[in-house]
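Required output: the full structure, derived from the provided sequences and hints.
Here the protein sequences line up with chains A and B, keeping their order.
When we follow my numbering, the leftmost residue of the first sequence carries the number 2, and every step to the right adds one.
When we follow my numbering, the leftmost residue of the second sequence carries the number 116, and every step to the right adds one.
If you're looking for bench data, these hints aren't it; they were derived computationally from the structure.
Treat the hints with caution; some may be incorrect.
[What the hints assert, rightly or not] List time: in silico BS3-like cross-link candidates among lysine-lysine, alpha-carbon distance up to 27 Å: (1) 316/B <-> 280/A; (2) 312/B <-> 280/A; (3) 151/B <-> 280/A; (4) 409/B <-> 280/A; (5) 280/A <-> 287/B; (6) 500/B <-> 280/A.
[What the hints assert, rightly or not] What the simulated footprint calls covered on chain A by chain B, stretch by stretch (three residues with Cβ under 8 Å from a Cβ of chain B suffice, anywhere in the stretch; the number is not a length): (7) 17-25; (8) 150-159; (9) 266-274.
[Stated by the list, open to error] In silico negatives: residues of chain A with every beta carbon more than 12 Å from chain B: (10) 51; (11) 71; (12) 80; (13) 171; (14) 179; (15) 188; (16) 199; (17) 280.
Beta carbons: idealized from backbone N, C-alpha and C, even for Gly.
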Amino acid sequence: MAARQGRLGSQVDIPSFFIQILNSIQYGLLLFLCASGLTLVFGIMGVINLAHGSLYMIGAYLAFSLSEHLGSLWLALPVGVVLAVVFGAVLEWLLIERLYKREHLHQVLLTYGLILVFEELRSVIWGDDVHGVSMPPLLAASIALTDTLSYPVYRLWMSGVCLVLALLMAWVLLRTRLGMIIRAGSVNSEMVQSLGINIGVIHRIVFAAGVGLAAFAGMLAAPVSSVFPGMGNQVLIICFVVVVIGGIGSLKGALVGAILIGVVDTFGKVLTLEIAGVKILPELAGMSIYLLMAVILIWRPEGIFGKVRS
Amino acid sequence: MNTSNGRRQFIKAAGAAGLLSAGAGLPTLALAQTAKLKVGLMLPFTGTYASLGVAIANGFKLVVQEQGGKLAGRELEYITMDDESEPSKGADRANQLVNRDKVDLIVGTVHSGVQMGIVKIARESGVLNIIPNAGVEAATTQLCAPNIFRTSFANGQPAFPMGKHVADKGHKNVVTVAWKYGAGEESVAGFKDSYLKAGGKVSKELWVPFPNVEFQSILTEIASLKPDAVFVFFAGAGAAKFLKDYQAAGLKGKIPLYGTGFLTDGILESVGNAAEGIETTLHYGDGLNAPRNKAFQLAYAKTFKLQPDVYAVQGYDAGLLLLAGLKAVNGDMNRKKEMYAAMERAEIDSPRGKWKMSKGHNPVQDMFLRKVVGTENRVTGTVIKALDYPPAAACKMPV
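So, in structure tokens, the structure goes:
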């Protein structure tokens with residue numbers, strides 16, 4: 002509305018507008034996939050995992066190596082996810098398990114240390130070059146949308162996969178016995194334990210699943226984003242914004258938050274907005290998602306779907 | 116108990132180390148001219164730009180090796196400092212090199228933000244700084260200093276000839292896309308400088324927050340604006356992704372894409388045919404036919420088992436520049452004035468071709484047009500000879 006008073010860029014015709022909406026949703030869904038693991042681990046075990054972005058990076062590098070060795074991304078995806086989940090379980094058993102009763106500062110220290118370790122390991126194993134992962138031939142085509150613009154089929158497929166995973170996660174958490182135990186454990190883990198359930202195993206499953214989700218997001222994004230050092234750190238920051246906007250621990254919140262970020266980021270980059278002769282967009286596009294976060298936190302400090310903690 | 120014990124031991128150890136180094140400091144002072152020259156290599160050895168840091172250090176060391184391990188009779192001691200391309204720590208780390216390690220000069224760095232920290236310390240302490248990559252224009256314009264030299268380029272310098280080339284090709288209106296940070300902004304400014312003068316029109320400037328690589332909305336906008344051509348500034352992984360996205364969006368072949376050489380350097384292996392045929396401008400390229408370049412490539416490949424790139428050349432030239440300065444004063448770095456005067460006069464016999472310093476201490480160099488053929492950035496011509504950009508008038512050299 003403020004935009005109306007200023008001068009909002011005029012080039013956005015109707016087809017472009019719908020394509021931009023498509024761009025927003027597609028970007029949002031990928032963000033959701035990465036943020037969901039973060040919000041689950043955060044919400045259920047109370048662990049701030051700063052290394053989540055590094056696990057995304059490791060996923061992308063796995064996609065690179067595995068698709069070269071196995072010959073196709075189709076084979077690399079399942080093998081990579083299994084490797085990542087096993088790795089997540091080992092990581093939880095070796096290190097993360099010790100963090101549940103500790104304060105957040107200890108968690109931040111350990112998981113920040115893991116970022117450095119993972120980056121160094123990546124440098125030792127894969128080097129510091131940029132790599133590309135080729136798309137499966139079945140998805141490599143583009144669909145012509147206008148006379149100049151085509152849309153890559155791979156991106157549409159990626160959105161579909163993210164949607165299916167979102168539904169699957171919601172189903173597991175809300176409709177299965179495992180999901181019920183996980184939810185109960187996040188509220189009162191002692192009570193769950195006293196009912197004869199090994200909460201340690203539940204935590205290991207949730208953490209491993211979180212690692213699996215991060216790595217899977219990295220693998221899925223690898224063909225369109227290239228594979229490069231430090232790629233996880235960019236993602237981590239945006240994922241934290243998504244989690245904070247949506248409400249910590251809320252899967253629904255992560256989905257809504259991710260789509261919101263997708264919309265704001267997409268339109269922030271292409272609209273021109275001038276108020277009283279001062280250029281606001283796209284000059285300040287880099288700030289748009291953080292402004293969104295600030296506004297939402299003023300309105301609802303616990304995030305859109307966050308629970309108020311007493 | 117344990118911790119306080121540990122702390123006490125630490126203090127003891129630190130004290131002992133302090134005594135030792137103080138003792139070691141005395142003879143160094145007495146033997147200033149024959150002692151080893153302390154070179155602070157402040158470069159990124161981890162993170163996104165790690166490979167650039169290694170290439171620069173290798174290039175520099177190749178000069179020393181060619182000179183038989185000594186520069187003008189002085190042996191060298193390297194103090195390496197990983198700057199991680201982290202701007203917030205740039206000044207601190209440069210300060211450590213100068214005041215703790217007592218280096219004679221700093222060779223560094225890659226990232227323009229970190230460079231600003233080094234420039235600050237160099238200006239305050241008077242320690243010689245040779246910049247082997249960072250293109251931040253202020254270092255050789257507003258903040259130029261007698262002890263700060265650059266052997267690479269200023270950000271707008273490779274982009275300026277591209278504006279001329281795009282106009283020469285008859286493209287009347289252009290959309291620019293760049294990362295919204297120093298290098299991107301100065302690059303777009305350099306392009307516009309020559310393109311607007313030649314009568315071109317920039318219909319829209321699009322910006323992407325650094326180092327974000329989500330380009331889909333930008334591509335949709337380009338498709339709807341339908342300009343005659345697009346000028347971009349991205350580097351490394353971001354460039355690789357942009358090229359692939361541009362092709363996947365069906366824009367490649369419909370709207371020609373131009374950029375500075377950083378768009379296609381070091382990433383051609385990873386982008387398949389997404390870069391094929393793209394023209395860029397830079398001060399170096401593949402197939403530069405000079406015998407000098409061939410000799411350099413051979414020596415580099417033999418020593419480091421790697422193919423040299425533009426960053427290796429810039430590091431190599433940093434070594435050549437230092438050599439020229441040291442030779443003029445027989446290795447005595449206390450004769451600063453004479454040494455810097457020699458560096459200002461020196462004609463650097465670089466693999467990219469011979470070049471000299473501008474008034475602001477930035478290379479005055481030829482800018483080549485290159486075209487991507489397979490995995491090569493093949494040089495197809497020279498757009499501007501001996502380009503001094505941004506104009507050296509912006510530098511008021513302090514005396």
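Evaluation of the provided hints:
1. 316/B <-> 280/A: Answer holds: residue 316/B to residue 280/A is near 19 Å, not above 27 Å.
2. 312/B <-> 280/A: holds, 24 Å
3. 151/B <-> 280/A: Given pair residue 151/B, residue 280/A is violated - Cα atoms ~54 Å apart, limit 27 Å.
4. 409/B <-> 280/A: The given pair, whose Cα atoms are some 49 Å apart, is violated under the 27 Å limit.
5. 280/A <-> 287/B: holds, 25 Å
6. 500/B <-> 280/A: violated, 37 Å
7. 17-25: Satisfied; 5 residues make the cut.
8. 150-159: holds (count 6)
9. 266-274: Answer holds; 6 residues pass the 8 Å Cβ test.
10. 51: Given that every Cβ of chain B is farther than 12 Å from that of residue 51/A, nearest at about 16 Å, it holds.
11. 71: Residue 71/A is indeed farther than 12 Å from all Cβ atoms of chain B, at 19 Å.
12. 80: Residue 80/A is indeed farther than 12 Å from all Cβ atoms of chain B, at 22 Å.
13. 171: holds, 26 Å
14. 179: Given that every Cβ of chain B is farther than 12 Å from that of residue 179/A, nearest at about 34 Å, it holds.
15. 188: Since the minimum Cβ distance to chain B is about 36 Å, residue 188/A lies beyond 12 Å and the statement holds.
16. 199: holds, 34 Å
17. 280: violated, 10 Å
The structure fails to meet hints 3, 4, 6 and 17 from the earlier list, while all remaining hints are met.
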